[in-house]
Amino acid sequence: MTVYDLTLAELRAKLDKREISAVEVTKTYLDRIAATNPALNTFITICNETALAEAQAADQAIAAGKAQALTGLPIAAKDIFNTAGLRTTCASRILDNYVSPYDATAIARIKEQKAVIVGKLNMDEFAMGSSNENSAFGPARNPWNQDLVPGGSSGGSAASVAARQAVASLGTDTGGSIRQPAAHCSVVGLKPTYGRVSRYGVIAYASSLDQVGPVTRDVRDCALMLQAIAGYDPADSTSVNTPVADYQSNLTGDLKGLKIGLPKEYFVEGLDDDVRKAVELAADKYRELGAEIIEVSLPHTSYAVACYYLIATAEASSNLARYDGVRYGLRAENTENLVDMYMQTRAAGFGSEVKRRIMLGTYALSSGYYDAYYLKAQKVRTLIRQDFLNAFESVDALLTPVAPTPAFALGEKVNDPLQMYLSDIYTIPVNLAGTCAMSLPCGFSTDERPIGLQLIGKPFDEATLLRTAHAYEQATDWHKKQANI
Amino acid sequence: MRYETVIGLEVHVQLTTNTKIFCGCSKDFGQTPNSQTCPVCLGLPGALPVLNQQVVELAIKTGLATNCQIAPRSIFARKNYFYPDLPKGYQISQFELPICEHGWLDIDLENGERKRIGITRAHMEEDAGKLIHGDSPQTAGNSLVDLNRACTPLLEIVSEPDMRSADEAIDYLKKLHQIVVYLGVCDGNLEEGSFRCDANVSVRPYGQEEFGTRAELKNINSFRFIKQAIEYEVERQIDLIEGGGKVIQETRLFDSDTGMTRSMRGKEEAHDYRYFPDPDLVPLVISPEWIEEVRSTLPELPEVKRGRFVEELGLSVYDAGVLAADRALAEYFDACVALGSDAKSCANWIMGEVLRKLKETDTEITDVPITPELLTGLLARIADNTISGKIAKTVFEKMWQKGQTADQIIDAEGLKQVTDTGAIEGLVDEVIAANPAQVAEYLGGKDKLIGFFVGKVMQASQGKANPGMVNQLLKKKLTGN
Numbered sequence: 001m002t003v004y005d006l007t008l009a010e011l012r013a014k015l016d017k018r019e020i021s022a023v024e025v026t027k028t029y030l031d032r033i034a035a036t037n038p039a040l041n042t043f044i045t046i047c048n049e050t051a052l053a054e055a056q057a058a059d060q061a062i063a064a065g066k067a068q069a070l071t072g073l074p075i076a077a078k079d080i081f082n083t084a085g086l087r088t089t090c091a092s093r094i095l096d097n098y099v100s101p102y103d104a105t106a107i108a109r110i111k112e113q114k115a116v117i118v119g120k121l122n123m124d125e126f127a128m129g130s131s132n133e134n135s136a137f138g139p140a141r142n143p144w145n146q147d148l149v150p151g152g153s154s155g156g157s158a159a160s161v162a163a164r165q166a167v168a169s170l171g172t173d174t175g176g177s178i179r180q181p182a183a184h185c186s187v188v189g190l191k192p193t194y195g196r197v198s199r200y201g202v203i204a205y206a207s208s209l210d211q212v213g214p215v216t217r218d219v220r221d222c223a224l225m226l227q228a229i230a231g232y233d234p235a236d237s238t239s240v241n242t243p244v245a246d247y248q249s250n251l252t253g254d255l256k257g258l259k260i261g262l263p264k265e266y267f268v269e270g271l272d273d274d275v276r277k278a279v280e281l282a283a284d285k286y287r288e289l290g291a292e293i294i295e296v297s298l299p300h301t302s303y304a305v306a307c308y309y310l311i312a313t314a315e316a317s318s319n320l321a322r323y324d325g326v327r328y329g330l331r332a333e334n335t336e337n338l339v340d341m342y343m344q345t346r347a348a349g350f351g352s353e354v355k356r357r358i359m360l361g362t363y364a365l366s367s368g369y370y371d372a373y374y375l376k377a378q379k380v381r382t383l384i385r386q387d388f389l390n391a392f393e394s395v396d397a398l399l400t401p402v403a404p405t406p407a408f409a410l411g412e413k414v415n416d417p418l419q420m421y422l423s424d425i426y427t428i429p430v431n432l433a434g435t436c437a438m439s440l441p442c443g444f445s446t447d448e449r450p451i452g453l454q455l456i457g458k459p460f461d462e463a464t465l466l467r468t469a470h471a472y473e474q475a476t477d478w479h480k481k482q483a484n485i
Numbered sequence: 486m487r488y489e490t491v492i493g494l495e496v497h498v499q500l501t502t503n504t505k506i507f508c509g510c511s512k513d514f515g516q517t518p519n520s521q522t523c524p525v526c527l528g529l530p531g532a533l534p535v536l537n538q539q540v541v542e543l544a545i546k547t548g549l550a551t552n553c554q555i556a557p558r559s560i561f562a563r564k565n566y567f568y569p570d571l572p573k574g575y576q577i578s579q580f581e582l583p584i585c586e587h588g589w590l591d592i593d594l595e596n597g598e599r600k601r602i603g604i605t606r607a608h609m610e611e612d613a614g615k616l617i618h619g620d621s622p623q624t625a626g627n628s629l630v631d632l633n634r635a636c637t638p639l640l641e642i643v644s645e646p647d648m649r650s651a652d653e654a655i656d657y658l659k660k661l662h663q664i665v666v667y668l669g670v671c672d673g674n675l676e677e678g679s680f681r682c683d684a685n686v687s688v689r690p691y692g693q694e695e696f697g698t699r700a701e702l703k704n705i706n707s708f709r710f711i712k713q714a715i716e717y718e719v720e721r722q723i724d725l726i727e728g729g730g731k732v733i734q735e736t737r738l739f740d741s742d743t744g745m746t747r748s749m750r751g752k753e754e755a756h757d758y759r760y761f762p763d764p765d766l767v768p769l770v771i772s773p774e775w776i777e778e779v780r781s782t783l784p785e786l787p788e789v790k791r792g793r794f795v796e797e798l799g800l801s802v803y804d805a806g807v808l809a810a811d812r813a814l815a816e817y818f819d820a821c822v823a824l825g826s827d828a829k830s831c832a833n834w835i836m837g838e839v840l841r842k843l844k845e846t847d848t849e850i851t852d853v854p855i856t857p858e859l860l861t862g863l864l865a866r867i868a869d870n871t872i873s874g875k876i877a878k879t880v881f882e883k884m885w886q887k888g889q890t891a892d893q894i895i896d897a898e899g900l901k902q903v904t905d906t907g908a909i910e911g912l913v914d915e916v917i918a919a920n921p922a923q924v925a926e927y928l929g930g931k932d933k934l935i936g937f938f939v940g941k942v943m944q945a946s947q948g949k950a951n952p953g954m955v956n957q958l959l960k961k962k963l964t965g966n
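Top line first, the protein sequences correspond to chains F and U. Each residue of the first sequence is one higher than the last, beginning at 1 in this note's numbering. Each residue of the second sequence is one higher than the last, beginning at 486 in this note's numbering.
If you are wondering where the hints come from, they were derived from the structure by calculation, not from laboratory data. Some clues are possibly wrong.
Covered by chain F, per the in silico footprint, the following chain U stretches (three or more residues, Cβ under 8 Å) [said to hold, decoys possible]:
1. 530–543
2. 696–702
3. 799–813
4. 892–902
Below, in silico cross-link-like pairs of lysine-lysine (DSSO-like), each with a Cα-Cα straight-line distance of 30 Å or less [as the list claims (entries may be wrong)]:
5. U:Lys949 to U:Lys961
6. U:Lys564 to F:Lys355
7. U:Lys564 to F:Lys379
8. U:Lys564 to F:Lys376
Since this is a predicted model, take the numbers as computed values, not measurements. The C-beta atom is built at its ideal place from N, Cα and C for all residues, glycine as well.
Given these sequences and hints, build the entire structure.
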């Protein structure tokens, strides 16, 4: 077994026992990135020099007996996180060559533990997309089959972990952007409860839905990563000051008395047969493990996608107003006047999906349409949240597919935005409800495409969510299968 | 036809916090451009706002002092528009649920009546930066952006359209200005833009209930200009209507050089600001306890103070008004009275000598060298006849220069009033003996000459003789009884 096949927890043990140094680990990973990135296009920026310097500092910390959970571990971050002194593009031409002067809180927290940042990962531009095809730097590819999309928007985050280019990565999830690519790449992805992880320094797409989370090889690694980034941050008014559990110690394997709900609205027409079978088998496995499986109802599910595309685009239309060419990023040359400068800069800087969403959102907020669209969507959002809270009165977690189909082919949906939007139909309601959920490997389709299982937990109860996921993982081998690259 | 003017005012009050409304940057005026900035107020990707609690306190304070209801829950909203001085492409403001609503202020009309001006709302928001249009060879033709002012806290106070003349508008503004300065929530500097006013002006035929179409006047930075702008605008609108034209809803800029207003943008060019609740900020919840805590820190407001000065201290309405107008001056006066000064003579001294000297030396009352203790000490020496009012002015001058007590000055300079009958008699005798001609004239019926004799005796005493006693003794000695 080579170094890059080890999990984060395994690598931690080897580093602590001095069987290997952080510099060696980092070099191994940088070599692997160099070898595989041309094919996968998972990285926008590779941090060859800074990563080695960070690895040296990590080795000193380990030598001094000051190692923490992530010290010396090679981690990559979606290019949506601000990283001081490093290029932060959000996969957009408008921020090409933008170097941030500060670190996002999540980055600062893993840096405090002396993790090694090996690079910045590909994504859909401004996190808008479900296939990673909306990147100004070209699509990332699925390590299991390079003709397939890795999912999106955190396509690079999932693909890099599946391709063992990083031991773990950070992504963001606004409507499924961690869970859907994790499912498509057969890795573990967690979207924490809104407010659990600080959004400070994460380039905003839809502020009321965006949440930071980890992508990892297995559930234990996921618990370790969440532990490092979770917790109140005074710099983010929407982060919540509520206790953070010890996630790893909660991974007991014990599911006694646990009630898991299957929302009937999630198993309807449009769900791929292979996916349905894999998820039903997972439900059977949970029964075997002692959990009680109950059918529940989330009656407003069918409104979620429409609701999401009003709220998310409305917020995005405002969040992306700052990219105007005045202070940083791209500025169009030879423009006539101020308005012309704005128009040409934004026309050249944004890709077509970003433009589409800015226009949709602008429309939804316009005078005369606000009540019918944005306000109505907010009311629907409240109903959707209530659906989940009602369900959690009788169950501890919900079990659903992550996406209606396994990973689709590159180019398959680029000209059909509605089809593309529907690939997030099972993940979007969770963001609207603001609660936590994760994706974990649960099988493959008949044509060998990975399938993911979604577990949805109660607000701020990531501990139960991780425990539930971990028990399934212990009873199955899906997480041990590796993409052949 | 006769027309009635209708005016509503929007006042932007810059709050006197140490730091900006959504970040920890200092809001010092006049620093190197862009030196007072951070990722938040520069609108860098990923930066998030955090509300400054002091801003909320000052807003509650202002709301209470203007008789507003303080909302138990209020919401920040984004006002979206593009401009180079607005780094995020939106201004964080309040829209649907502002912190203060339903307030009022009373103004005093010329005819002596009071009039209540409604305050629709007051809401917190951030200021924009400033554009500097290049004038050096390197920058000519360019506009430079200074974001030091971006994100500084404002409270926008919106009145009802209750004012019917430029004078009423000025009265309301002066009253509001006095209150925010009194509260210490604003430095009140109109020229630096700490207190900015936009006026919504319309006219309608007398008797008509419906409002006319309004124009919004902007860019007015003194009370005088506000009056000028409104009066110009009213005349313009009436002329327009009389000439068969129609007033259009628009924003107009006041030009202080010409005294005229000119169109900036019409309704059709008006922005659709696409307000929506800012998802980066949670709803602001204000408990009744917090409101009461802030209420307990409210100072006595000028109007109440003025009433108390008249009713409890017996001052004239005019004197009470002058003293109450400035919080520090009123507090100085109150301190003197609390130390035992007679209210009326103290008021006279403050409005006379103290204010004159402050002006002469360009000193603020807060830095006055003669403390309430010192002034009270001086007034006590006048009251007990140790010195005359006239000598007191000399003593006051010396106290100002040396910072010493009245007693120290009186002793050191030997200014104590002579009340010893024997000593004064001696001087009176000398004066009578030295001026036989005037004595004869006086005795011949020229009573006015008594002033001449008093003057001579006072001169001989170097001003220290008690003038009353001098007068009495002179009369007695001259007439021989």
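*Hint numbers the structure violates, sorted upward?*
Going through the list in order, the structure violates hints 2, 3, 4 and respects the others.
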